[in-house]
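Residue numbers (our numbering), protein chains in the order written: chain D, -1 to 224; chain H, 275 to 496.
The hints are simulated quantities; they were obtained by calculation from the structure and are not laboratory data. Be a bit skeptical, because a hint or two may be false.
Beta-carbon label-pair distances, calculated as ranges [claimed, not checked]:
#	chain 1	residue 1	chain 2	residue 2	range
1	D	Ala143	H	Asn360	18 to 28 Å
2	H	Asn360	D	Ser83	46 to 56 Å
3	D	Thr94	H	Glu415	10 to 20 Å
4	H	Lys487	D	Ser83	24 to 34 Å
Incomplete in silico selection of chain D near chain H, CB under 10 Å [what the hints assert, rightly or not]:
#	residue
5	Tyr7
6	Ile45
7	Ala49
8	Ile50
9	Asp64
10	Gly114
11	Trp127
12	Arg131
13	Ala136
14	Gly138
15	Ala141
16	Asp142
17	Ala143
18	Pro150
19	Trp166
Short, incomplete list of chain D residues facing chain H, as computed with Cβ under 7 Å [unchecked claim]:
#	residue
20	Phe8
21	Ile9
22	Trp192
Positions of the beta carbon are idealized from the N, C-alpha and C atoms, including for glycine.
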Amino acid sequence: MAKKIIATYFISVIVGIVFFVGASFLLKSQPVCANSRTCKSDLSVSIDNNAIGVFQGQKVIPPKIDLALDILKPEFAVLGASVASSEKHIYINLETQTLYAYQGKTQVMKTLISSGKWGRTPVGNFNVWTKLRATRMAGGSGADAYDLPNVPYVMYFYRDFGLHGAYWHNNFGHTMSHGCVNMRIVDARDLYSWIDGPEKDQKGTAVSVCNKFISPNTCMQENPVN
Amino acid sequence: MTIRHQLELETISAVTLAAFIGIFLAMYNNNHRPKFITVYSIPVMQEEQVSAVSPLPTTPALPKPQIASQISSDGTKQVIMKTTYNKNNTQTYNFSTADGLGTNEQTIFSKTLDSTKTMTIPFNTWSPDNKYFFVQEQIKEGSASGIMAFKALGEPFNTGEKYFDVTDLFKKHESVNNFSEATGWASETLIIINTTAPNNAKGPSYWLEVPSKAIIQLSTEF
């Protein structure tokens, strides 16, 4: 009888540990998606100037994108043009909803952003792995469903989480996204021009998502994903 | 039921319970890990040097005429605020709109305030489609005392008025929660309003639909 109880006890402990380890592995390895549609297909350039977008149950008319104009009319100032060429680094301060871009020691941009409200923005240190002039983002469910064509100036830094322009809201400085980092279109455009995508042996521009950012050498991160 | 059956039942129950505890702990561990802060270091850099910084809301403080502006998200429109400091210790705020490059300027609105109040252009002043904008009046270093919403070119609303005060409208509609701030635009026509509950805790958020002036309480807090 006593042996049986002891055996039961040990089996229970072992089963508990096995389930703990197994569930931890499954939960951790579950892919995180900011845009469930793009997670199911490849993330690629997508421009549709006739589509209608939806966000928070509201219809949105996306900006029309003409790639020819991008080449012909680069009328905006280039970030960091007057700064010596050196390492680029972007910091996102989730606490203040602010983005900082540094070129070496010089801050070349500081602006308000909108990070995850309906999904968490991953905290950690990343590199831009691809930049797209525009793509379609869709996902969510029910009242939070969204389908947004022509999302401009997309800079993915972790899976399908990216920095990009947002034309469907203007509430920067407050969380508004499903995990991505929303920016004003003008800010996203300037950052997109400045940022480096990956090249042969070189990673893209570094992106650090911080719970709290004090200075480039003090980025406080809680439970970073990497 | 024999003792053996009872033991088997207890064993199954214990193992099942252990499995649930294991899964629960794994979920807890995944979502609510004990918080410890990672501070990583990269080579020490100097204090912030600001250049090409996107403009944040500014408050004129110098005793001479000042110009502040706020560009729309797509860069095609801007609100311009010219502040004149008068001899009688008042300030006159002149608002106009223009295109992104500052041309085609159109005068919209003017207001003179005593020195206890100030006006600002919020960072999120423009609606996403650039059809509307709002400006803020506030007691110096205090909360917003007025939010005025306009059409982009100053055309009157369908009620004939050139602008309407979001705070006044909200007070007429909502008697329990107090207006706290208008943070920006949830969509092309919806201004987001945050409130304070009677016990001074954060109250619910609301949408103000500008064309209809309808106010909608939200389940989501902004």
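*asked:* Tell me the hint numbers this structure goes against, listed in increasing order.
replied: 1, 4, 6, 7, 8, 9, 10, 11, 12, 13, 14, 17, 20, 22
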